[in-house]
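> If you read the protein sequences in the order shown, they are chains E and R. Read in the numbering used here, the first sequence has 409 at position 374, and its numbers run on one by one without any break. Read in the numbering used here, the second sequence has 200 at position 120, and its numbers run on one by one without any break.
There may be inaccurate statements among the hints.
Cross-link-like lysine to aspartate or glutamate pairs, in silico, EDC-like; alpha carbons within 20 Å at most [said to hold, decoys possible]:
{"no.": "1", "chain 1": "E", "residue 1": "619", "chain 2": "R", "residue 2": "124"}
{"no.": "2", "chain 1": "E", "residue 1": "572", "chain 2": "R", "residue 2": "143"}
{"no.": "3", "chain 1": "E", "residue 1": "426", "chain 2": "E", "residue 2": "346"}
{"no.": "4", "chain 1": "E", "residue 1": "90", "chain 2": "E", "residue 2": "181"}
{"no.": "5", "chain 1": "R", "residue 1": "84", "chain 2": "R", "residue 2": "124"}
{"no.": "6", "chain 1": "E", "residue 1": "1023", "chain 2": "E", "residue 2": "952"}
{"no.": "7", "chain 1": "R", "residue 1": "171", "chain 2": "E", "residue 2": "574"}
{"no.": "8", "chain 1": "E", "residue 1": "708", "chain 2": "E", "residue 2": "671"}
{"no.": "9", "chain 1": "E", "residue 1": "901", "chain 2": "E", "residue 2": "913"}
{"no.": "10", "chain 1": "E", "residue 1": "699", "chain 2": "R", "residue 2": "92"}
{"no.": "11", "chain 1": "E", "residue 1": "708", "chain 2": "E", "residue 2": "654"}
{"no.": "12", "chain 1": "E", "residue 1": "350", "chain 2": "E", "residue 2": "427"}
These aren't lab readings, by the way, just hints derived from the structure by calculation.
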Amino acid sequence: MKGLTGRMLFASTVLATLVAGAFAVLILGIGELRKDARRASHSETVLNDASHLEKLVIDLETGERGFVITAKPEFLEPWQNARRALLGGELDGLERLVQNNPAQQRRARAISADVRSYLSQYGEPLVAKTRQGRLLRAAAIVAGGEGRRRVDAIRARFRRFAAVQEKLAAELRSHAETEAHRAVVMGLGGLAGSVLLILLFAGYFMRLIVTPVRRLAAAAGRLAEGDLSTRVPSAGAAEVADLSRRFNEMAESLEASHHELESQNARLAAAHEALKENSALLTAVTEGSRDIVTVKDLEGRFVMINPAGAEVLGKPVDEIVGKTLAELVRAEDQDAAQRTMADDRRVMESGDWSTYEEGGGFHSASGAYLSTKGPYRDADGDVIGLIGITKDITERKAAEEEIMRHAGINEAILESSADGIGMFDLEGRIVFANAAFERLVSDLLGEPAELMRRERTMDELSELVARRVTRPEEYRTGVASLIADPEQEGTGEYEIEESGRSFKRASAPVRDAEGTLLGRIITLREVTQERAAEQLKSELVATVSHELRTPLASILGFAELLSQREVDAETRERYLATIHGEAKRLTNLVNDFLDLQRIEQESFTLALEPFDIEEVLREQLEVFAGQSEAHRVELDVREEQPPLLGERDRIAQVIANLISNAIKYSPEGGTVKVAVDARGDMVRVSVADTGLGIPQDQQRKLFTKFFRVDTSDTREIGGTGLGLALSREIVEAHGGRIGFESREGEGSTFWFELPRALTHNGSAGQYVLVVEDDRAAAALLTEYLTGDGYGVEVARSGDEALARVDQNPPALICLDIVLAGELDGWQILSRLKTNPATEHIPVVVCTGRNGRDQAAALGAADFITKPFSPERIRKVVERLLPEGRGSVLVVDDDDSVRRLVHETLKGHCTDLREAADGEQALAEVARRKPDVVVLDLIMPGLDGFAVLERLHADPETRTIPIIVLTARRLSADERGLLRERTVSLLNKSAYSAEELRRVVDSALADAAA
Amino acid sequence: MRRKVLICDNEETLRILVRAALDQGDYDLHEARDGDESVEFARELEPDLIVLDMMMPGRTGLEVLTELRGEPWFAETPVIMLTARVQAADKHAAEDAGVNRFLSKPFSPIELEGIVAELLEGER
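Please take these sequences and the hints and turn them into a complete structure.
Dropping the structure here:
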């Protein structure tokens, strides 16, 4: 019963029992009272009833008497009523009322009996007699008083009955009073007991609950006042104790929280201070920042902008705030501004920080900006705007682009390098390889490059290479030392056994700018040719050395013998002859060798001129006829040969060499036959002997320097071993060929072919006469003009020139002023122009001197100053030689088509030019108007139709015949247009070479007409 | 008995020179004009000394030497290599093949005579 609930339950039960008891007593008392009251009321009823009956009885008697006396029926009515009531139940009713009281019942029964007997014995007979009119009798009876007595007796009986009943009622009243008193006493007693008990309980509970609660309240008050150390004793009833404990806990927790709060407050205060400082700092920073700091609202209007931003926008801060970017920038920056604002919106929608690169958009024309943007949030974290920090990266961007450009260049350089460049990291993995590297490694491995890319390490790659090189151990050692020491630099060279190809490998460590080792660069270069060349060179050196030392050995050896020993005159003569012969041989050797060296050098130029081959052959034959009487040398010239183009003396040297060899290698008495015949554009000179022939296995090396046919013939053949090599160089420098046919033991035929001197269009007379005494200048001019398709003749002196003109008048004369011989250029010009037969021939003065006016005065058509360009010559000559030319411009973006057309038309026109697109075509036409244009329709940029339009639009070019060569399917409109503007339309996929030539020829003919 | 010397060279003037150099000594001189002749004549003559040119048509001097050294009666025969090839590699190749002396052209005929005499002296 420690708990408050239990105690209260107990107290309530006790209290309730007590109250219930009191009430029970009270109710019992009241019940008794009510019973008494009921009895009293019953007695009253009985008394009233009895009184009523008594009155009825009186009424009976009175009625009777009245009736009898008066005989009036009115008096009989009460009697009748009373009689009816009495006999109808009233009498029985009284009896019934007192049936609980036997004594009274007896009395009631007696009354009833008396009344009944009264009626039956007295009243009724009386009434009946009266009615019968026997009034007197009746009156007598009445007067006899009989009735009165009887009634009095009945009334007496009633009085007694009433008295008893009265007495009973008094008894009942007295009892009820007692009962009521008792009930009041008991009720009051119960009430008093209950009140007392309640007070007791109240007191008890007061002590049990209220006190501790009040204590708690006081404590809470103290707590509220800030005394957080307040605690209450936790004694008392369980709940109260619990409450106290909880209170204490709460107080403790409160105290702890308070302490926490206090420390937080302290921090907050500090933070607040810091914040105040920061705010000032922020202002200072944004004000001073060179980056643009902006805050915008949700609509993109500036809320804040720092001076750097205002400067970029070119407006004061207060003009910017409240406006959007679009409202602030120039019309041309609207697009950029809109983009920026779209970015802003995106950031505000997403709520994330993002960085954007923005171009322009501000008032500076071509700036690049880097903006970092993020949402501006209020205290609740809702986005209310945008914070932006924008950096001007114009310069950085430019620098980046520059770097990218450099990187691009670097990469292009690396990729275009013929050397293979590869880089391996420190683990030996390949991290970079240019195309050449992949190709070379693939060659080294004998595998496709793709296999190399498969994460192969340097180790693996080098092992694969090692298996294929001629000296694998040396290779492995080299690679191993490179792998072992990443810092090592080194080169290596190795040869692939199978293919004989040589590779050079250079390797060095790669470091970054800080010097940190990144890996190793390997540079690969195929040196097969270099090695072969070196090999050749060292063999050549050895051979030259041998070739020089051999005659030197004889010269020095014999000279020594002559000086050291006594020899007879004959011997001395022999020795001296040998010395002389060997010295001469040495001289020839040196000459030939130097000659050959000169020809092999690229600077070597030939003085080309047309010459008569037959004349040269005859000269050489004479020389050899005199030298070797033991051999017959015959010349076979079947028909007159056209002039050849070349350097006469060099060709003579070749012929001499071939004849000399033929004589050397054929037995005495043998015949050497020299022949000339034409072979197409070439002229072939052949030298046949009946000599030893050349063994099959040695034929291949025949034109190699210092090669001598190795014969079992013991005869000393001599010679430098350079003759054929030299001959080949000379012939090939002329654009010719050299070769031989030979059978061992039967003899050999050596031949060479040279191109004929070109003549213009094959028509005699249509040529340009170059009057020039300087061979080089003449050759140059000849080359230019023949290259353009003109026939050229060269005259070296004024006399020669005039003779040529007289003989075969040229179409044009290029005249040098300074000439060897009697006549100078001016004199020639003057003679040509004063001679009616030659005055029409245009003369171009080509000179290094001044004299334009003099040239014009003497009637020269043009004046060119040396040095001149091929274009200058071409232009002048073209202007002066209008007829017979045919200039065709081929316009097509497809290189192969242009080449094909070029090949097809070669020879059908003097001048073929090409253009790869419409622009080029128009440029070419503007540069020099062509006679015919062959035009493709589909080209990048300006297409064929556009070119047609442009050419048609210009009166200068409108008349140029145009041949359209196209693969395009044409619409009816296009066909119509082309029919108007062109002369011919050829289908690219269906035309024949013949057709194209025919069309071009006819167009050229039209153009000329 | 006169000592036999075989002179092998394809250059006639050289053979004449060597012959002239050795003329004064008491030697029986023979000439071969190419590699094949050199081997052939050597086997035939069994010379006491060979003067061998390195560059000859057919078999080279080196090939001749190697072949002869492979035969027992030429194992000890003194051979003087005369050559216009003066590179170290050529000299080494000649020494490897078993040459006794190596003279590069141009050479001194007097010196050659001395060497021949010395080598033949050592033979005795």
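> Look at each hint and say if it fits the structure.
Status of the hints after comparison with the structure:
| no. | hint | verdict |
| --- | --- | --- |
| 1 | 619/E <-> 124/R | violated (37 Å) |
| 2 | 572/E <-> 143/R | violated (24 Å) |
| 3 | 426/E <-> 346/E | holds (13 Å) |
| 4 | 90/E <-> 181/E | holds (19 Å) |
| 5 | 84/R <-> 124/R | holds (11 Å) |
| 6 | 1023/E <-> 952/E | holds (17 Å) |
| 7 | 171/R <-> 574/E | holds (15 Å) |
| 8 | 708/E <-> 671/E | holds (7 Å) |
| 9 | 901/E <-> 913/E | holds (19 Å) |
| 10 | 699/E <-> 92/R | holds (16 Å) |
| 11 | 708/E <-> 654/E | holds (15 Å) |
| 12 | 350/E <-> 427/E | holds (17 Å) |
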